[in-house]
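**Student:** Following our numbering, the numbering of the sequence shown begins with 1 at its first residue and continues without gaps.
In short, the hints are calculated from the structure, not lab data.
Possibly wrong hints are sitting among the right ones.
Derived BS3-like pairs: lysine-lysine, alpha-carbon spacing no greater than 27 Å straight-line [stated by the list, open to error]:
hint	residue 1	residue 2
1	K98	K43
2	K43	K81
3	K43	K64
4	K98	K64
5	K64	K86
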Amino acid sequence: QVHLVESGGGLVQAGGSLRLSCVASGSTFRINVMGWYRQAPGKQRELVADITSSGNTNYADSVKGRFTISRDNTNTMVFLKMNSLKPEDTAVYYCNAKRWQPAPDYWGQGTQVTVSS
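Sequences are here, hints too, so could you generate the full structure?
**Tutor:** Encoded structure:
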């Protein structure tokens, strides 16, 4: 089993920055891709960004150029630096980990990000 814990959410004004962190524990050898998803009220959960164990990244079009995802060299932590935040970035942000083998993803509990206008 893998346990994911997020931190770093909060309230920020439009144009500001936040950095989210996620720590994985347990059977972390099972993890290939780590990433961040978000879910705003009344909307479906969507991919924000993810990163493979070899460092390849993928971003949603809405955050390209503003958000940066990174991973530590132990592949047990993933970070999301969010710059130039907009009110539409307001959501609960979830850490996600995908296994090497086809199986259900691991999810964190989520951290709230609120951007005021």
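**Student:** Confirm or reject each hint.
**Tutor:** Against the structure, the hints:
| no. | hint | in the structure |
| --- | --- | --- |
| 1 | K98 x K43 | holds (22 Å) |
| 2 | K43 x K81 | holds (23 Å) |
| 3 | K43 x K64 | holds (20 Å) |
| 4 | K98 x K64 | holds (22 Å) |
| 5 | K64 x K86 | holds (13 Å) |
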